[in-house]
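Asks: Please take these sequences and the hints and turn them into a complete structure.
Chains A and B supply the protein sequences, listed in that same order. Under this note's numbering, think of the first position of the first sequence as 1, with each following residue one higher. Under this note's numbering, think of the first position of the second sequence as 437, with each following residue one higher.
Honestly, the hints are just simulated from the structure, not real lab data. If you're wondering where the values come from, they're calculated on a predicted model, not measured in any experiment. Hints should not be assumed to be uniformly reliable.
Unchecked claim - Distance condition first, Cα-Cα at most 25 Å in a straight line; then the derived BS3-like pairs of lysine-lysine:
(1) K352/A / K781/B
(2) K871/B / K411/A
(3) K151/A / K884/B
(4) K352/A / K646/B
(5) K646/B / K431/A
(6) K625/B / K431/A
(7) K470/B / K369/A
(8) K154/A / K884/B
(9) K789/B / K425/A
(10) K386/A / K631/B
(11) K411/A / K625/B
(12) K147/A / K871/B
(13) K633/B / K352/A
(14) K871/B / K151/A
(15) K866/B / K147/A
(16) K781/B / K274/A
(17) K352/A / K532/B
(18) K887/B / K151/A
(19) K815/B / K475/B
(20) K369/A / K646/B
(21) K914/B / K758/B
(22) K382/A / K887/B
(23) K352/A / K625/B
(24) K382/A / K789/B
(25) K411/A / K352/A
(26) K172/A / K431/A
(27) K386/A / K646/B
(28) K914/B / K411/A
(29) K382/A / K781/B
(30) K758/B / K151/A
(31) K352/A / K382/A
(32) K758/B / K425/A
(33) K884/B / K411/A
(34) K274/A / K871/B
(35) K532/B / K431/A
(36) K147/A / K884/B
(37) K633/B / K386/A
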Amino acid sequence: MSLIHRGLTFSLRIEESLIPQVNQLLEDYNADQPPNESLCGTFFISWLTVPTQVYAGKEVLPARVIFMSSYVGNKRKHVDTLVNALGDKLRKVFAFSDEYPQKTLDSRSMARFIVKKSSFNAFYSGFKFVSTGSIASESQLRSYIFKWVEKQTKTPAFSSLTPSAIKSAIEKEVEKHPSFSSLMDDPEGIVWSKWKMLAMPGLFVMLMVASLLVAMGSIWWDMGLWGFLGWVLPDFFLLMFLLLVLLRKDENLESPPIDVISDEDYLEIVSREKNKVVNEMTVIAPLKPGRFRRIFLAVSLRLVAMVRYFAYIPTVHTARWLQLDRGKRLVFIATFDNQSEAYAHDFVDSEKRSRNLAVIFSHVMGFPKTTWLIHKGSDYRKDYMKGVRSFQFKTGFWYTLNRELSVENLKNNRAFRLGLNRKMKDEDIRKWLLRL
Amino acid sequence: MAAETINLIQDSELELHDMQGILIRGYGLLPEAKYLLLKFEDGNLARSYLQSLYMYITNGLAKPLEQAINIALSASGIKSLGIEENDFNTFLREFKEGMAEPHRQFVLGDEGEFSAEHWSWGNPSGEQVDALLMVFAHEHEYMEELLEREKKRMEKFGVKLIEALPTALLRDHKEHFGFRDDISQPIIKELAKSKGKGDFPAGEFFLGYKNLYDEHPLSPSVAEKEDPKGLLPVSYEDPSRRDLGKNGTYLVFRQMEQQVFRFWEYMRNQSTSEQEAILLASKMVGRWPDGSPLTLCPNNPNPEKSLENGFNYWNEDRYGLKCPIGAHIRRTNPRDHLVTETSAKDSEEMAAKHRMLRKGRPYGPPLDETLEPLDMMLKADDGKERGLHFICLVSDIRRQFEFVQNIWVNFHKFGGLNNDADPIIGNHFKEGELKTDEFSLPHYPVRKRFKNLPNFTRVRGGAYFFVPGMKAIKFLAKALE
Ligand code: HEM
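Replies: Shown next as C-alpha cells:
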C-alpha cells in the first residue's frame, strides 16, 4: 500500500460571466460538506474559480474552475473516490465549461475525464507517510497512553521505574488494547513508500555520479559506447547554466504593473479563515513576461518534485505549485497551521527559505524582482507580501479531513507510534516519553 | 513646556529631536503616569488642540526629570483631523481596521470573556477613542497640576476626556502577580552604548529607518501638494509623496485586568506546598518572582541573576525541562528555539522578526503591598480591579504584535502542544473538542498536565494608535507658520 502523499489538480475553462453562478454552487457545496468516510484517503480539497488574467500585458488567460485535492496512495483510486463522493457536484460545476462533453458522463468516463484533465503539480507534504486512517488512530493512541501513564504515576513506584521498564509497560498496555494493538507495528507500506519516493532523486544522483566516473575514466580508458554517459553531467549543468543566462535576460524585462488588491477585498478573503488550527490559501497569478521563465519554472518545479522527500516548510500541511495555460500561470495552494496573514511571513522571515522560494515565486507577476534568480532587490519583503495579497483568491469549497491537529501534532503522534517496539537507549526513551 | 533635562543622547543616528520621548524611554524617573483617552468633537478644533499641545510634547532628545507628555492618535483620530482619504489609506491595514474589528478580534483571540463587546473602552459600540494622551510626572501634586492644565486645554478645543486611565508602579518593577517585569527588551543598535550581537535596527520599532529586512517599514505618506511648506521628508515608498510616518511608530494598547487572587488560588490548589505553588507559577511565567530565569536557575531563584537576560533554549533546555515550552516568556520570545525550526540559527532568525518594545505600566492597588507570593497567597479576594496597561511599540502591527498574540500566545498548538494557550495571558476556554485551558510541564515519566486554567487576565479595553513624529504632529495640526 502506497503511503506517499500526492496532489491531484485539474481545471476547466469557463466563461468569465459564469463565475458568479459557479461560485454560488461552490459556496452551497461548502455549506454541505461531504462526510469524511465518503472521501477515504483524501486530506484536503480546494475548489475555486479564477477570473481571466492578463499575461505579459497582452494575452488574456481564460477564467477557470480549478479543483485541487491532496490524498494518499493511488491516483486512480483517489479519482474513483472523488467521483463516487462528489460525482453530481462535479458534473454540475463542469457543465459550465465548454470543455466538458455535452452528454452527462457516467462514473467511469468521468474518472477518465478527470485524469485526462489533470496536470502535473510539485507537491509538498509536511506529515509524510501518514494515512488518513492513522491520523485519528495515532492521535487517540497518544492521548490514551498519556492518560494511562498519568494514572499510573499516582502510584509512586511507577515513576521510579527505569525508562525501559516504563516503555515495556506502555507497550504491554498498547498490545492489550484491541483498537491500538495494530499500531505496535510500523504502518504497512512505509518502507516501500520511502524507497519509492527516494528512487527518483536516487537515480538522478546515480546517473550524475556514473557520468562523472565515466568522464574521469575516459581520460585513461576507451569507454566505447558508454562514453556518452560521460556527457550527461556536463550537459545537465551546461543546460541549466544556459537556461539561467536566458532567464537573466528575461529578468531585465519590465513587468506590467499589477492592480494591488484593496484592503476591503483582502479583508474579505482572510476573514474566511475561521478555523482555529488549519487554514488554506490560494495564490494564482500570471507569470512575468519572458519566454524562458516558463521553461525555467517548469524545470524548477520538476526538480522540486524530485527532492520533495527532503523538503521542509514549517507549519505547512500540504503545498503545491503548478503551471496552467501552457505554463503562463502559476497556481500555489497551501494548507497550514493558523492564519494566512501570519503564515505568509514564514516565507520571507527566513533568509534561506525566501531564497529557495524565489526560485519559484520570482517568475510570478507582482512578486519582487530578482537577479540571477536568487539575488533580491530592495524592498523584497514588502513587494513579496504585496504579491501574495494581490493574487490571493477566495476558495469557494474547502474540505479538510483534519481540523484539530497541527503539523507538529501529526508528526509527534507518528513519532510516538514508531517508537513502540523499537529498541532505545534510556536517554532516548526519556525524550520519547516527552512526546506524550 | 520643556522640563529640566539630563542625559542628552549625543551623536545618535536617530533624529531624536523629531521623535516623541516615549519611543526612546519609559520615563522610569517619572513614577506618576496617566493615560487619557480622548475624543475630538470637532476636526478644526482638534487641529488647534494639537497646535496648542505641540510645545508641551516631550521629544526623544532629553530625559525629563519632572514631567513628560506624549500623544498618539487612533485611525478615527487621524480621520477627524481631516486627512485626505488617499493619504489615510497609506496607514497599515490593521491600524485602519482597529483592534475591535471582527477579523482582528479573531486573529487576536479576543472572544468570550476577552471579546471587545465586554471592553470598557475601545468597544465599537462605545465612545470613539481618537487619541491617547500620555502624561508623566515625578510626583503626585505635579501630576494633578498637569492634568488640570490639560483638562482646560481639552475644554477649550472641544476635546472630550473619555477616561483617564490611572497607573501605579509597583515595588521592585513588579507586575501584579508578583513577578519582576521589564527585564527583557530588544536593544536598538542606534541607541546602544556598545554594539552587540542580536541588536535590532531602529526600523523594527520606529518608522523611517531600516528594519531587519534592510528595508524601510511601510510608512504612511501624504501627497506632496498637501505639504506645501515642506514640513515632511520625502517618502521612501514613493519619492513623489511625503513621509508622515518618519520618526513615528505604531502603538498597541491593551488594558489587561489581572485576577491576582484567582491566580494564586489556582497555584495553591494545584500544589501540596506554597513553595510548589510558587514553582508552578514561575514555570508558567518562565522566570522566578525575583526575575531570575528558570533556564539558568531551574531549582531555586538566584537574586544575582534577577536581571539576567543572556540565555537561550536550544542547547540549554530544548525539551523545556527547565522552562516549559508553553511558558509566557518562551512563547512571547522563543529566542533560539522554535520547535518548528530545524536549527538554533533559523529559530533565532525567525524569533527576531517578531519582537516588540514594551512600554506599559501596571494599574490598581496591589493585592498585598509586599507583592510577595507567600503573602498574596494568604490574602482574601479584595474585589478591586488591577492589571497591566500593556503598551508596545512596533513598526509593523501584524508582523510583530499580532503575530505573537496569534501564533505564539493564543495558539493552543504552539510548539507541538495540544490544548495550551499562554498560561498567563492566554484566553482559556473549552468549546466542543477545542480546549485552550491546559498547561503542560515536561516531566519524567510523563508531562504534568494542569487542567481548567481560568483566565488569569482579561482584556478590558484596547486600540491601535499611531505615534507621530514631531514634524508629523505639526503637519497634522496644519501648524503652517
Ligand atoms: C497582564 C498581562 C501580562 C503580564 C502579567 C506579563 C508578565 C510578564 C513577565 C513577568 C515577564 C518577564 C519579565 C521580562 O522578561 O521582561 C514578561 C515578559 C514578556 N512579556 Fe509579558 N505580561 C503580560 C502581557 C503581555 C502581552 C499582552 C504581551 C504581548 C503579546 C507580552 C509580551 C512579553 C514579552 C515579549 C516578554 C519578554 C520575553 C523575553 O524576551 O524573554 N506580555 N511578561
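Asks: Each of the hints needs a verdict: does it hold here or not?
Replies: Results for each hint:
Between K352/A and K781/B, the direct Cα distance comes to roughly 11 Å. Compliance with the 25 Å bound is thereby established for this hinted pair. Between K871/B and K411/A the alpha-carbon distance is near 20 Å, which keeps this suggested pair within the 25 Å criterion. At most 25 Å may separate the alpha-carbon atoms for a hinted pair to count; K151/A and K884/B meet this at roughly 11 Å. Between K352/A and K646/B the CA atoms are separated by roughly 20 Å; this keeps the pair inside 25 Å, and the hint holds.
Straight-line distance between C-alpha atoms of K646/B and K431/A comes to about 42 Å, which puts the hinted pair past the 25 Å bound. Between K625/B and K431/A the CA atoms are separated by roughly 39 Å; this puts the pair beyond 25 Å, and the hint is violated. Simply put, K470/B and K369/A have alpha-carbon atoms about 48 Å apart, too far for the 25 Å limit, and the pair is violated. Straight-line distance between C-alpha atoms of K154/A and K884/B comes to about 12 Å, which keeps the hinted pair within the 25 Å bound.
Between K789/B and K425/A, the direct Cα distance comes to roughly 38 Å. Violation of the 25 Å bound is thereby established for this hinted pair. Annotation: proposed proximity of K386/A to K631/B is violated, straight-line Cα distance about 34 Å (limit 25 Å). Using a Cα cut-off of 25 Å, the hinted pair K411/A and K625/B is violated, with the two alpha carbons roughly 39 Å apart. As the CA atoms of K147/A and K871/B are separated by approximately 16 Å, the hinted pair is consistent with the 25 Å bound.
Between the alpha carbons of K633/B and K352/A the distance comes to roughly 20 Å, so the proposed pair stays at or under 25 Å and holds. As the CA atoms of K871/B and K151/A are separated by approximately 21 Å, the hinted pair is consistent with the 25 Å bound. A C-alpha spacing of about 19 Å is found between K866/B and K147/A, which places the hinted pair at or below 25 Å, so the restraint holds. Annotation: proposed proximity of K781/B to K274/A is violated, straight-line Cα distance about 33 Å (limit 25 Å).
A C-alpha spacing of about 33 Å is found between K352/A and K532/B, which places the hinted pair above 25 Å, so the restraint is violated. Between the alpha carbons of K887/B and K151/A the distance comes to roughly 15 Å, so the proposed pair stays at or under 25 Å and holds. Between K815/B and K475/B the alpha-carbon distance is near 39 Å, which puts this suggested pair outside the 25 Å criterion. The hinted pair formed by K369/A and K646/B meets the criterion: a straight-line CA distance of about 20 Å does not exceed 25 Å.
Between the alpha carbons of K914/B and K758/B the distance comes to roughly 56 Å, so the proposed pair goes past 25 Å and is violated. In summary, the hint linking K382/A to K887/B is not supported, as the alpha carbons are separated by about 42 Å, beyond the 25 Å threshold. Using a Cα cut-off of 25 Å, the hinted pair K352/A and K625/B holds, with the two alpha carbons roughly 24 Å apart. Restraint check: the Cα-Cα separation between K382/A and K789/B comes to about 14 Å, which is no more than 25 Å; the hinted pair holds.
The straight-line distance between the Cα atoms of K411/A and K352/A is roughly 23 Å, inside the 25 Å bound, and the hint therefore holds. The suggested pairing of K172/A with K431/A holds, with an alpha-carbon distance near 19 Å, which does not exceed 25 Å. A C-alpha spacing of about 19 Å is found between K386/A and K646/B, which places the hinted pair at or below 25 Å, so the restraint holds. The suggested pairing of K914/B with K411/A is violated, with an alpha-carbon distance near 58 Å, which exceeds 25 Å.
Annotation: proposed proximity of K382/A to K781/B holds, straight-line Cα distance about 23 Å (limit 25 Å). Only pairs whose Cα atoms come within 25 Å are accepted, and K758/B paired with K151/A is accepted, the gap being roughly 23 Å. At most 25 Å may separate the alpha-carbon atoms for a hinted pair to count; K352/A and K382/A meet this at roughly 17 Å. Between K758/B and K425/A the alpha-carbon distance is near 22 Å, which keeps this suggested pair within the 25 Å criterion.
As the CA atoms of K884/B and K411/A are separated by approximately 21 Å, the hinted pair is consistent with the 25 Å bound. Distance hint between K274/A and K871/B is fulfilled; the C-alpha atoms sit about 16 Å from each other, no more than 25 Å. Distance hint between K532/B and K431/A is unfulfilled; the C-alpha atoms sit about 47 Å from each other, more than 25 Å. With a CA separation close to 11 Å, the supplied pair K147/A and K884/B stays within the 25 Å bound.
Taken as a hint, the K633/B and K386/A pair is broken in the structure, with Cα atoms around 31 Å apart against an allowance of 25 Å.
When the structure is compared with the earlier hints, violations turn up for hints 5, 6, 7, 9, 10, 11, 16, 17, 19, 21, 22, 28, 35, 37 and for no others.
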